[in-house]
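Enquirer: Single-letter residue listing:
2 protein chains.
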Amino acid sequence: MNIILLSGGSGKRLWPLSNDVRSKQFIKLFKTEDGQYESMLQRMYRYIRKADPYANITIATAKRQISAIHNQLGEGVDICVEPCRRDTFPAVALATAYLHDVQGVPGDAAVVVCPVDPFVKEDYFEALIKLEQQAKKGEANLVLMGIEPTYPSEKYGYILPKSKNAVSGVSSFIEKPDAKTAKQYIRQGALWNGGVFAYPLQYMLDKAHERIRFCGYYDLLGQYSALDSISMDYAVVEKEKQVQVMRFHGPWKDLGTWNTLTEAMDGPDIGNAIMDKTCQNVHVINELDLPILCMGLNDVVVSASPNGILVSDKTQSSYIKPFVDRLGQQTMFAEKSWGSFRVLDADAESLTIKVTLNPGHRMNYHSHKYRDEIWAVASGTGRAVIDGREQAVRAGDVLTMQAGSRHTILAESELKLIEVQLGKEICVQDKEKFDLE
Amino acid sequence: MNIILLSGGSGKRLWPLSNDVRSKQFIKLFKTEDGQYESMLQRMYRYIRKADPYANITIATAKRQISAIHNQLGEGVDICVEPCRRDTFPAVALATAYLHDVQGVPGDAAVVVCPVDPFVKEDYFEALIKLEQQAKKGEANLVLMGIEPTYPSEKYGYILPKSKNAVSGVSSFIEKPDAKTAKQYIRQGALWNGGVFAYPLQYMLDKAHERIRFCGYYDLLGQYSALDSISMDYAVVEKEKQVQVMRFHGPWKDLGTWNTLTEAMDGPDIGNAIMDKTCQNVHVINELDLPILCMGLNDVVVSASPNGILVSDKTQSSYIKPFVDRLGQQTMFAEKSWGSFRVLDADAESLTIKVTLNPGHRMNYHSHKYRDEIWAVASGTGRAVIDGREQAVRAGDVLTMQAGSRHTILAESELKLIEVQLGKEICVQDKEKFDLE
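Quick mapping for you: the protein sequence lines, in order, are chains A and B. Per the numbering used here, the first sequence starts with residue 8, numbered consecutively. Per the numbering used here, the second sequence starts with residue 8, numbered consecutively.
Hints listed in this document are in silico derivations from the structure and should not be mistaken for laboratory results. On a predicted model such as this, the values are computed, not experimentally measured, just so you know. Incorrect hints may have been included.
Since the list gives no way to pick out one identical chain from another, each pair is judged satisfied if it fits inside one copy or across any two copies.
Stated by the list, open to error - Using 35 Å as the maximum straight-line C-alpha spacing, the simulated DSBU-like pairs for lysine-lysine come out as follows:
no., residue 1, residue 2
1, K38, K431
2, K144, K376
3, K328, K35
4, K328, K143
5, K143, K128
6, K440, K190
7, K19, K35
8, K440, K162
9, K38, K438
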């Protein structure tokens, strides 16, 4: 199976656990059998592999998500990077060209596209395989997944099938309706359009060429920022006559708010949390090193990260966005391809962060113009390079880098550093990267 | 007025803002006219000074509170230190001997004793002055303040006066009753015993000598740990025949729980907090650098410090103690005589703290056997001494101290340091102090 996972989103609705660099699909919320937690992305990836061990998975995403994806899925994962945000049609066109021109997937192969962030169970992945098989049959140019609605949502478009069969033609599409209209359509048998579909690769390439003049993936990539923003539904799906819908019954949830997300959690808390017996329907997700004690609460979600603390009635939490816009966040923690960091203290002329480098990984070789830096090695072993001079480092070592000096550090075992940045103008932009000779 | 302020308590009920070194009287909760916040201790001290600019105020307290008291009231404040905890009678006896033998207060002077932590208004301080004047009259050996009860509390002892006069003899004392009994006594005119009383100095010295064989303050101090724990009420008050009670009507509140404490706050929040319009009767006290966002909550207190985060229904919060006992806290922040510190990160072989030194202050000259330390100067100017060598330091400087090296730092302007401790055995006990030559 060739599958394109669309990984987008900004995730403001899940503040403080999501931020500019961590969309909701990267939050580790789901308990695996070995007691660890995995993210929606990791869960989706793992289930696809389980359903089809030979699946060719490509993640279509923005540049700012690359580090987090590599951190969570390893360096080997295939990523098709959108140079900027241009809605789903350009994204699918680019990823399809990538499959064809870079990966060598033939034009008659079927491709499945699905978003990375719905919360689903195993039957969903079986449905993806059926979707691909249906697309291969060549009965239609496009095969959509139609999700049987559980409530008259105003968030989704609807697909009205011609019949109640497992696979059916499409009688019409309905753009996001109000709840009353949605109710009527559901009575007529309408299904949710969850943005999951399959097609023969060449079909989508042709559709791309109809709208965009380009020759091959690299050309399309080069002119990506000049493309119009247009959704897949609007550009292709709703215009296509040769379209089928395959109905899907099983659980399919958008975990876009704290209310829906906590419903999908395996237990009442993640992280350091204590609840007294009088707490009812309370969920705590705590990514801080501090304990959270909850007493006498009902229907409340408490969520804490280095970016802030949310304490909210679950229903009320869906109105969070304007408050998060007001907060205008600095990135206080992030997963990088080489490990992770979190801000411990931010002051006028200093910034103290804790850096964790994964074994075998190193940060870029870089320098700063306007700040000095110190590394205090808290644990682990590795090798540092400062202005071309390499040295072994281990727990207890202290390294100082004057402004202008080029530096990097490579972890042999997991390496934890306390980094103190000192200077009058500390900002993320003050960074020049170099090749390590 | 000679006044002994009893400053005790461990303050577990106000976790996470109080801890082993910060009892509730040190939490800054009350807004002053200039928009700053002050603690119960600071407020009490300021009001006494306002009521009597010449008041001779002595704080009777335990060793572990000295730093915080100096931090909040300055170095000039008079403290009578109890070497260990021995209930109120030994504490009052020691402080009375201190007044007589160290301060030279004569035996016929009146002394007022009161706890530092009730929440009171200006009329309370006028009442203290009246209490002292009444004690001076010599009509009784002891004059107690009898607080008019506002509800049948089970927390206080009760005093049954002989009459309804402003000053009256005492007909009997009642130890903490249950609510039903309390109700009956209140109907008979009983008053709360809030542990506020006045006496002629010599009277209390005589009472001390009756129970303890000692000659003078220093002798009493030396044998303090061998003294029996016994309360003032039990040892003296309830046995005294020549005793009067002076009734006090005005507000008098024990802010011992989050529920009562938030009632006394001047606004709904202290620190970085945002509440949506659907929050009702919500209080936030946030000592972290992170924003706290509250949505759709009713009757909830949220309190956050480097020790942890409490989210509790206000009524339920009074049952906090067993949970705090379970948490078994490390001290994550503290006010010291020279400034303050907070823990930014604690790992197996490193501890990162942020130190703030007040202008003109310095920490002890000291060394550690089992850890190296780094100071990165985040802001301010000062002078450091490392192994006898003095040097000027300012923002941006980095100093490293190997295990064994003696070091201190003096702040000229307010000085902020990031201190990284590195070693396999990091503990507070690993500290040797030296005189600075």
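Enquirer: At 35 Å max between alpha carbons, let me know whether K38 reaches K431 within a copy, between copies, both or neither.
Expert: For K38 and K431, only the inter-copy Cα distance (33 Å) is at most 35 Å; the intra-copy one is 44 Å.
Enquirer: At most 35 Å between CA atoms: does that hold for K19 and K35 within a copy, between copies, both, or neither?
Expert: Both: 16 Å inside a chain and 33 Å across chains, each within 35 Å.
Enquirer: For the identical chains here, do K328 and K143 meet the 35 Å Cα criterion within one copy, between copies, both, or neither?
Expert: neither (42 Å within a copy, 65 Å between copies)
Enquirer: Go through the copies and call it for K38 and K438: within, between, both or neither, with a Cα cutoff of 35 Å.
Expert: For K38 and K438, neither the intra-copy (37 Å) nor the inter-copy (43 Å) Cα distance is at most 35 Å.
Enquirer: Checking an output row: K440 and K190, CA cutoff 35 Å. Within, between, both or neither?
Expert: neither (56 Å within a copy, 76 Å between copies)
Enquirer: Within a copy, between copies, both or neither: which one fits K144 and K376 at a CA-CA cutoff of 35 Å?
Expert: neither (60 Å within a copy, 76 Å between copies)
Enquirer: At most 35 Å between CA atoms: does that hold for K328 and K35 within a copy, between copies, both, or neither?
Expert: Both: 21 Å inside a chain and 32 Å across chains, each within 35 Å.
Enquirer: Can you tell me if K143 and K128 fall within 35 Å by alpha carbon in one copy, between copies, both or neither?
Expert: within (24 Å within a copy, 82 Å between copies)
Enquirer: Under a CA distance limit of 35 Å, which applies to K440 and K162: within one copy, between copies, both, or neither?
Expert: Close neither inside one copy (43 Å) nor across copies (66 Å); limit 35 Å.
Checked against the numbered hints given earlier, the structure breaks hints 2, 4, 6, 8, 9 and satisfies all the rest.
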